[in-house]
Amino acid sequence: MGPEQTNESNSQPAKDLGAAVLMLLILVPLSTQISDIFIDPSDPGFGSQDFPKLIVWLGIALSLTLAARAIWGLRGPLTDLIPDVNKLFGPALLFAVAGFYIYAIGLFQYALPTFALLIFLTVYFGNKGWKRTILMPLCAVGIYYFVFFILFGIFEERGTILSYDSYGFARSVRTLLGLN
Amino acid sequence: MGIIDGFSALFGSWQPVFFAILGTLIGLIGGAVPGLSSGAMIAILIPVTYYLDPLAALALIYTVSKSSDFGGSIPAILFNTPGTPQASATQIEGFPLCKQGKQGKALRMAVIASAQGDFFSELLLIFGAATLAVYAASLGPPEFVAIYFCAFVIIGGLLGKSVITGFLSVILGLALALVGTDPITADDRFTFGSNELLDGVALVPVLLGVFVLAEVFSRAADRAVASYGQPIASSSRNPTDTYVTWKEYVRVTPTMWRSTGIGAAIGMLPGVGSAVACFVAYSEAKRKSKTPETWGNGEIEGIAAAEASNNATSGANLIPLLTLGIPGSTAAALLSGVMLIHGIEIGPNIFATSYDVIYGVFAAGLLCIATYFVVGYWGSGYVGALIGRIPASMVYPIIFVTCYVAVYATRQATFDMIVMTIFGLLGFIMKRLDMSLPAFVIAFILGPGLERAMRQTFLLDEAGIWLFLERPVAIAFFVIGFVALVLRLRPQTNRVI
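Order-wise, the sequence lines are chains A and B.
If you read the first sequence in this note's numbering, its first letter stands for residue 1, the second for the next number, and so on.
If you read the second sequence in this note's numbering, its first letter stands for residue 1001, the second for the next number, and so on.
Rather than coming from a laboratory, the hints here were simulated on the basis of the structure.
Be a bit skeptical, because a hint or two may be false.
To spell it out: a stretch of chain A is covered by chain B in this simulated footprint if at least three of its residues, at any positions, have a beta carbon under 8 Å from a beta carbon of chain B; those stretches are [as the list claims (entries may be wrong)]:
| hint | stretch |
| --- | --- |
| 1 | 56 to 70 |
| 2 | 97 to 109 |
| 3 | 128 to 135 |
| 4 | 138 to 150 |
| 5 | 160 to 166 |
Glycine is no exception: its CB is placed at the ideal position from the N, C-alpha and C atoms.
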């Protein structure tokens, strides 16, 4: 069996094992909370804990079955199970950037972090030139601002570092446009 | 008569009719844009529906889902890349025609077949759903437990790459739907002490995360973005190559009707979508053809079969949603999400409690078919030229940021942005592990309904689980579920269960 065949034969068991682990990572913490669910002593039927128990324990049982079958089906070196780091870099980076963006909105309000995020993303996805990396994000922020803040009238909390009255500004524009 | 009232409701104010037409155009273009699935497109629009009245909101979402089915065929014919999975069979005959310079004929055949299939399916929905709903309204909680069981078995079994990962996707959806408060005692559960989770995990961040952000994460993982470029052949100067002749139309008509029937029948089954219908209808049409050897080289009958069938699913797959409350496809699940947001009760009582809205949505569906027929018949070429200019590298940054502003717009809660990001990552991981995102979302939406039905069943009678044996309809649905499970497991006992 060549190395390629080994890789291929481990692909599905590795995915199944991953799915089982993912499920257990979510369901096991939930299972620890079931006993904390309040039971109404007068409830004569299927109690408050019964439905959650049914779902969570069924999920854990299926996950363990899948994990056992996946381990049984593994062939060749177990190093095949390690995910390709190059494939994880992009999503991990975007996840981190998203977290930072949400935090930055609290500091600078909506417009500035969104503009910066769009510049980063357009460059990350391979765009070049000032039209695509600067002008397009600027126009996009303007459109978002007009649609969501002015037309829909979304309220925005003031930022802790950069603070401006976005709602008041939007209200005056709405009045100007006859939307109020 | 219901549909007349529906048209009155639709044209009663500017909003519903405007958003029905807008939705049609968005679906038509969005269905053709590279890398943007119709599910993602609808999910992005859901926050906008918060600001619309219920009929306008549902008309927008419904028409986007309908016209994107046809929109996906435009790049399939012009660029050999289907814009949506359901346009894959269209590509087999459409692109060879394009290479011969007959893209006008191919696009017009596609729009004629799409509109015909869709129209029949819509009529089935309008006149069939209400009739079935009258019967479904008499069903009690035990029957609904059986129906949910049957739906989850079919959806989990068919939508997952393997049965067990499909079921795990369903269970994950049900488990996360439990987060929040108990529906009877109102005590908190699975909140881990978080006040923000007392109302449960909000639907919009889940939909946007799973259907849209997960797609952007996937593209970021592959660092691959698709663009179509320009059509490979210039259009023929022969006038008969640019439209469908009467002779050709008469020749393909039996195939179109047969494929419409196949699509409508498949569309009514939960979990079996238009991507399956188009290949079944295409294969059946090829099998019945007197000249099967010409297929694959640009046979318009193949386009007619594929397009009539995939569009015939769009109305039919709302029948389980409107009669039983079971969304059988991603689009139906998203539509049911919008119904929940607007406080519309899904299930058989919908025809009594939201009569005007539902018939208004049906009328919007008919308006959508007429609109995309007109735009598609005379403007598909322009749509093709337009999408050829859209760089996909710009699409992902825009939809990523749109998700954040849209989810914030729904409740002005930063917490929803965090939830959406987490579900985006979860959706990305699930996709990589071959788990089913539609099955997960459908279970997440239906979870509270299943719990309510189960608890009501056990409150009804002290007989408990034996009560099901006294209910023939419940037994029938349990049997259907078990048979579907056995049939799904049988051909793959030697490979993946």
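Return the numbers of the hints above that this structure violates; sort them in rising order. 3, 5
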